[in-house]
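Given the coordinates of chain B, assemble chain Y onto it according to the supplied hints.
Protein chains: 2
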Amino acid sequence: MPAMTRRVALRAGSALLAMAALLPFASMPVQAEAPQLKTQVPGYYRHALGDFEVTVLHDGQIKLDTKILKNLRAGEMQKLLALQFRDNPTPTAVNAFLVNTGKQLVLVDTGAAKVFGPTLGQVVANLKAAGYDPAQVDAVLLTHLHGDHAGGLLGADGQRVFPKATVYVAQAEANYWLAADAIAKAPEAMKGFFKIAQDATAPYAQAGALKTFTGTTEVLPGFKALPAPGHTPGHTGYLIESKGHRLLVWGDLVHNVAIQLPHPDVTIEFDTDAAVAARTRKALLSWTAKDAGLLVGGMHLPFPGLGHVREEGRGRYSWVPIDFAPWPDAP
Amino acid sequence: MPAMTRRVALRAGSALLAMAALLPFASMPVQAEAPQLKTQVPGYYRHALGDFEVTVLHDGQIKLDTKILKNLRAGEMQKLLALQFRDNPTPTAVNAFLVNTGKQLVLVDTGAAKVFGPTLGQVVANLKAAGYDPAQVDAVLLTHLHGDHAGGLLGADGQRVFPKATVYVAQAEANYWLAADAIAKAPEAMKGFFKIAQDATAPYAQAGALKTFTGTTEVLPGFKALPAPGHTPGHTGYLIESKGHRLLVWGDLVHNVAIQLPHPDVTIEFDTDAAVAARTRKALLSWTAKDAGLLVGGMHLPFPGLGHVREEGRGRYSWVPIDFAPWPDAP
Chain B
-10 MPAMTRRVAL RAGSALLAMA ALLPFASMPV QAEAPQLKTQ VPGYYRHALG DFEVTVLHDG
50 QIKLDTKILK NLRAGEMQKL LALQFRDNPT PTAVNAFLVN TGKQLVLVDT GAAKVFGPTL
110 GQVVANLKAA GYDPAQVDAV LLTHLHGDHA GGLLGADGQR VFPKATVYVA QAEANYWLAA
170 DAIAKAPEAM KGFFKIAQDA TAPYAQAGAL KTFTGTTEVL PGFKALPAPG HTPGHTGYLI
230 ESKGHRLLVW GDLVHNVAIQ LPHPDVTIEF DTDAAVAART RKALLSWTAK DAGLLVGGMH
290 LPFPGLGHVR EEGRGRYSWV PIDFAPWPDA P
Chain Y
-10 MPAMTRRVAL RAGSALLAMA ALLPFASMPV QAEAPQLKTQ VPGYYRHALG DFEVTVLHDG
50 QIKLDTKILK NLRAGEMQKL LALQFRDNPT PTAVNAFLVN TGKQLVLVDT GAAKVFGPTL
110 GQVVANLKAA GYDPAQVDAV LLTHLHGDHA GGLLGADGQR VFPKATVYVA QAEANYWLAA
170 DAIAKAPEAM KGFFKIAQDA TAPYAQAGAL KTFTGTTEVL PGFKALPAPG HTPGHTGYLI
230 ESKGHRLLVW GDLVHNVAIQ LPHPDVTIEF DTDAAVAART RKALLSWTAK DAGLLVGGMH
290 LPFPGLGHVR EEGRGRYSWV PIDFAPWPDA P
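Sequences listed follow chains B and Y, in order. Quick note on the numbering used here: the first sequence kicks off at -10 and runs consecutively. Quick note on the numbering used here: the second sequence kicks off at -10 and runs consecutively.
Pulled out of the complex, with its shape left as it was, chain B reads as follows (with noise of 0.2 Å):
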């Protein structure tokens, strides 16, 4: 081994030497040549389906303990996470998904703004980092009324995030989440959520710009929207299709992908009906397992959220991520 001789802060370049005299002397040690940047890569993935361009967002990620987690013993959700290299509690990733048809911009979900704390409301800056504006959005297809879903629809300011866009929900939700009476009909321990939901479509609606569907419906040219209830009332994913190349964006059906595939049976505190939920889950799942040529997207998927189901048998799943590509990567 040769002797290695070490870089010292007299070679550093003319440049770095005049950022550093703008730096308090306290803070540079001696041989700090390249500071230390501690900045991530903006939140967002582009995604090519078919004549469609998709943009995930990254609205930030919250930790989620197993114990909002039920049917499932505590020891067994800790060696699932244990096989994943995760921790309890679990950060878990918020997604949101832009669409560029060609013809027009489309959001499905807006993250959470602020209502779900500091740690997720990146929607928008992601978005503009990504190159777009949100006056740009022509719709927000919600997959549910959930704060880390709407939260995004409304600025600190009160007004519209998107105040070009149409935002779309199922009439189930909207009669679940908004109806004049909900709040005070509420326990009192879920009355912020209806708030939530009430205040974030608030100034939509008052602009005529709220609009409702029911059943299995093409809401826009290329996205379809399937009930998936159980979760919420009128929880919808959408179906999203650009010249045979199909992304189905499930919204909540799974919040931890190392538990509730290979235990679609776990369900999550939040679910208004949890049996529902799960039989939707383990339906959703099913589908997409034995579709190879569907790509899934989750709200709570590692972002970016995009992958294939694979069946494990015994009505187990697991998750398998798409790989990281250049655009394009999938046309």
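For the record, the hints were derived by calculation from the structure and aren't laboratory data. There's no promise every hint is true.
Chain copies aren't distinguished; within one or between two, either way the pair holds.
Claimed, not checked - Simulated crosslink set (DSBU-like; lysine-lysine; CA at most 30 Å straight-line): (1) 27 <-> 68; (2) 279 <-> 68; (3) 27 <-> 117; (4) 117 <-> 271; (5) 174 <-> 117; (6) 271 <-> 68; (7) 27 <-> 56.
Since we're looking at a predicted model, the values are computed, not measured.
This is chain Y only, laid out in the frame that chain B set:
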């Protein structure tokens, strides 16, 4: 289902109309309010390792056919790829790892520049996108001297891409590729590989900035070289450690994660000694799988190439990528 209205160009905001006026008419579909951007997010990813800041840099991807893999039937390889929803040929990442220790900026491998074609060569662009400049790099540690690892040392102008950097490589690697008579002695089909290695390192050698090391040794503070021979004679992994947090950058231990983790016996035709390469792979997979606290980084693992090895029994392993996380992700 209510009647859905479609947006028309007349509803575009004034800023967009101004932008549209700059575009040739023929390229503007009537309803295209927001042009598709068709760019990918920059190819870097930041990860905190103790006090070190790791930035993985994506050089691009290259398609590798299973024809170049040995010791497993083609049908079995196809099944393993299908399990991961991957195609054959498989788009395969080329990664490099930039580590800012706070005192030194250290790059592990350099990508291919243009020696392996147009789909690679993005390390410098992504290093810049990540906020650094090639002139800031203090040291380059090479895992080996193949073109997609050392090629990025050399600029299109024939000059050093990292003018301040000292380049470190194992003595056995230098002996094999850089000997004065190496090209003359090489088989015809391999001469190009030797020339790439010699061309890439020549300007550093001329400047006295090419250093070699032998055996298991701390090349720089926090960077321990671990001989991992077989793929090439001096193929080296680097164990990077800060504050008890450890990352093993294992170079080319694995080229096809879907096939060589379940079947570590599978070798690749670029191996200079396939039997030794397989033995090294088995030893390192066994070690990394037993040490859940050890993070692994690989040059051909799906970008960002960071994750853990899981033991599946009977000498089989699988790959568990880390989740995308904001900075700081795992201090």
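Status of each hint after checking the structure:
1. 27 <-> 68: Answer is neither; intra-copy 32 Å and inter-copy 41 Å both fail.
2. 279 <-> 68: both (27 Å within a copy, 16 Å between copies)
3. 27 <-> 117: The answer is both: 20 Å in one copy and 15 Å across copies each meet 30 Å.
4. 117 <-> 271: Neither way: residue 117 and residue 271 sit 36 Å apart in one copy and 46 Å across, limit 30 Å.
5. 174 <-> 117: neither (39 Å within a copy, 56 Å between copies)
6. 271 <-> 68: both (22 Å within a copy, 25 Å between copies)
7. 27 <-> 56: This pair counts as neither: shortest intra-copy Cα distance 32 Å, inter-copy 42 Å.
Hint compliance for this structure: hints 1, 4, 5, 7 are not met, and every other hint is.
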